[in-house]
Amino acid sequence: MRATNEISIALKAIVNEMGLSWPEKAVIAPPKDPQHGDLSCNLAMVLSKECQKPPRVVAEDICGKIAAKAPGVAKVDIAGPGFLNFTFKTDFWLGVIPDVERGGACYGSSKAGAGRKAQVEFVSANPTGPLHIGHGRGAAVGDAVARLLNFAGFDTTREYYINDAGRQMRLLGFSVWLRIQELAGKEVEIPEDFYRGEYIVDIAREMLARNPSLPSLPPDKGQDICYEYAMNQILDGIKKDLADFKVSHNVWYTEKSLVDKGAVESAFNELAEAGLTYDKDGALWFATSRFGDDQDRVLRKSDGTLTYFASDIAYHIDKYRRGFDWVINVLGADHHGYVPRMRAAIAAIGRKQEDFDVLLIQLVNLIEKGQPISMSTRAGKFETLADVIRDTGTDAARFMFLYRKSDSPLDFDLDLVKQRTMDNPVYYVQYAHARICSVMRRAEERGLTLPPESDAVLLAPLGNQEDLTLLRFLERFEDTAESAALALAPHHISHYLMELAACLHSYYSKHQVLVDDNNTAIARLLLLRAVKSVLRNGLDLVGVEAPEIM
RNA sequence: GCGCCCGUAGCUCAGUUGGAUAGAGCAGCUGCCUUCUAAGCAGCUGGCCAGGAGUUCGAAUCUCUUCGGGCGCGCCA
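In the working numbering, the protein residues as written are 1 to 550.
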């Protein structure tokens with residue numbers, strides 16, 4: 001960030017002096033090939049059209065002025081097509097280490113969000129059964145996105161929405177009720193859409209043990225009790241699973257509370273006043289097709305009950321009313337058909353497109369011994385999140401989920417994630433951290449102590465190729481964290497960490513840290529301490545431990 | 001039929017607000033432990049970025065189209 005800042009400020013000033021405006025299309029970024037310098041910019045190429053001069057001439061103009069504006073720059077090269085390649089002085093890069101030290105756990109954070117309020121709604125699984133592996137992916141992504149947004153300066157709330165007002169919950173109560181009847185020795189007929197999981201029987205057994213007279217209650221009353229009890233049991237289980245997975249929510253919001261306070265009716269009124277609803281065939285419709293949906297949607301069915309969509313609109317109105325500027329929903333990709341109508345609703349209530357984002361989480365294929373395992377809550381056959389993390393550990397599972405972009409399907413190979421080998425990227429990164437800690441311990445044994453803050457004199461022995469490579473990486477962390485946050489793409493952090501770890505391992509095998517010369521040893525230790533600090537911050541963004549020893 | 005996502009090395013995938021010679025890991029082959037953790041490092045092999053057309057200084061990236069895969073498309077949730 002310090003490098004891009006320095007260049008962009010200098011270039012903007014120069015462009016201004018040339019009487020031109022700063023082009024949006026100009027990109028200042030590290031080149032793919034480090035031979036091209038530390039930072040590269042296509043400015044001359046972009047500007048040449050506006051000022052009607054060949055790129056080369058424009059580039060030379062800019063080159064002549066850069067030294068005075070950007071003191072950290074050692075040289076500027078003009079590449080063939082009109083790229084400007086900037087190389088910074090070693091001293092400039094050494095300044096990154098004190099930056100990291102001063103930043104501490106905040107190094108890499110930014111003010112990109114400027115205190116805007118963001119809300120990430122994720123998991124939100126109906127409490128009709130335990131979380132499975134697919135929910136786990138949504139949980140990992142939603143949690144990491146919230147961490148990223150916080151780090152990028154947003155005031156972020158994590159929310160779980162509980163659909164406790166609909167038919168599914170009644171069905172849950174009914175399923176438990178039937179199992180209780182069955183346990184009491186009555187003949188029961190099992191309907192098609194019944195919840196079959198073993199956990200339903202467990203809950204039934206538990207309830208029966210507490211209250212043996214339960215089966216003789218009137219069915220209506222009995223089912224209500226069952227539903228209430230089962231939902232709370234399952235919800236407690238979900239909360240525990242999430243806690244074990246190091247995922248937390250600030251707000252648990254129930255659909256029922258929304259309905260009870262009349263939010264749905266007032267949403268209907270709001271839409272009606274805007275002339276966006278109409279009656280047809282005895283139902284109440286919302287004209288979502290006016291906002292890009294392919295057809296209009298029903299809000300209140302002809303039998304008087306509400307659709308899922310109706311309370312969702314009320315819920316989203318409520319979100320914005322609570323002051324969130326940016327509302328982000330993490331959804332399973334099988335719900336993508338629901339996105340256009342939700343977008344339509346957002347537009348209808350007068351919010352901008354960019355105030356609302358949906359992050360679709362693609363399917364997770366669980367693979368064991370090379371064979372896919374199929375999952376279905378209804379059929380009661382599934383691998384629960386709790387089972388998986390018991391097998392693999394939280395860190396390995398989280399990293400696997402966050403290593404791939406969320407909108408492509410993921411093969412989750414149980415045997416692989418279980419393995420504590422380098423096939424498993426999480427250990428590669430953690431090992432880099434542990435390795436540094438190990439060197440630090442050795443240094444301590446040898447009586448080397450590090451000052452809390454380094455300075456130019458202490459760092460003077462640094463400057464070889466590998467030193468600079470590491471420093472460039474550390475400097476890039478803030479840019480990476482910020483762009484990952486804005487793109488809602490936590491996997492960028494995982495990849496960054498892999499690259500940083502690779503540089504560290506390479507460094508480690510090429511340069512002895514604890515050399516005889518104490519000044520060099522201390523300088524290298526200070527560099528490694530900075531690397532360790534950034535690894536830690538990065539791992540924290542994806543919610544993975546940074547172990548001191550492995 | 002309509003809509004969304006995807007197609008990049010043998011395998012799993014990065015790279016997609018248009019930028020230089022398309023990158024990693026795994027698998028395969030070579031080397032490197034009397035020195036701080038070999039859970040590691042260095043190197044080799046491997047590509048018509050699914051095919052085609054267009055947009056322009058410039059396309060894996062944008063548009064159109066064909067093919068192939070996944071998922072949705074109810075007054076279900």
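Don't take each hint at face value.
[What the hints assert, rightly or not] List time: in silico PhoX-like cross-link candidates among lysine-lysine, alpha-carbon distance up to 25 Å: (1) LYS89 with LYS117; (2) LYS89 with LYS69; (3) LYS25 with LYS65; (4) LYS221 with LYS280; (5) LYS12 with LYS65; (6) LYS246 with LYS405; (7) LYS418 with LYS352; (8) LYS32 with LYS117; (9) LYS405 with LYS418; (10) LYS89 with LYS12; (11) LYS25 with LYS69; (12) LYS111 with LYS301; (13) LYS75 with LYS53; (14) LYS261 with LYS246; (15) LYS369 with LYS352; (16) LYS301 with LYS261; (17) LYS32 with LYS405; (18) LYS280 with LYS246; (19) LYS352 with LYS117; (20) LYS65 with LYS89; (21) LYS25 with LYS352; (22) LYS418 with LYS246; (23) LYS418 with LYS239; (24) LYS239 with LYS280; (25) LYS75 with LYS65; (26) LYS25 with LYS12; (27) LYS418 with LYS240; (28) LYS301 with LYS256; (29) LYS12 with LYS69; (30) LYS32 with LYS75.
It should be emphasised that the hints constitute simulated quantities derived from the structure, not laboratory data.
These are the hints, each one checked on the structure:
no., hint, verdict
1, LYS89 with LYS117, "39 Å, violated"
2, LYS89 with LYS69, "14 Å, holds"
3, LYS25 with LYS65, "21 Å, holds"
4, LYS221 with LYS280, "35 Å, violated"
5, LYS12 with LYS65, "12 Å, holds"
6, LYS246 with LYS405, "20 Å, holds"
7, LYS418 with LYS352, "44 Å, violated"
8, LYS32 with LYS117, "35 Å, violated"
9, LYS405 with LYS418, "21 Å, holds"
10, LYS89 with LYS12, "21 Å, holds"
11, LYS25 with LYS69, "22 Å, holds"
12, LYS111 with LYS301, "46 Å, violated"
13, LYS75 with LYS53, "23 Å, holds"
14, LYS261 with LYS246, "32 Å, violated"
15, LYS369 with LYS352, "48 Å, violated"
16, LYS301 with LYS261, "21 Å, holds"
17, LYS32 with LYS405, "21 Å, holds"
18, LYS280 with LYS246, "48 Å, violated"
19, LYS352 with LYS117, "15 Å, holds"
20, LYS65 with LYS89, "17 Å, holds"
21, LYS25 with LYS352, "24 Å, holds"
22, LYS418 with LYS246, "18 Å, holds"
23, LYS418 with LYS239, "24 Å, holds"
24, LYS239 with LYS280, "42 Å, violated"
25, LYS75 with LYS65, "12 Å, holds"
26, LYS25 with LYS12, "13 Å, holds"
27, LYS418 with LYS240, "22 Å, holds"
28, LYS301 with LYS256, "18 Å, holds"
29, LYS12 with LYS69, "10 Å, holds"
30, LYS32 with LYS75, "18 Å, holds"
In summary, the structure is inconsistent with hints 1, 4, 7, 8, 12, 14, 15, 18, 24 from the numbered list given earlier, while agreeing with the others.
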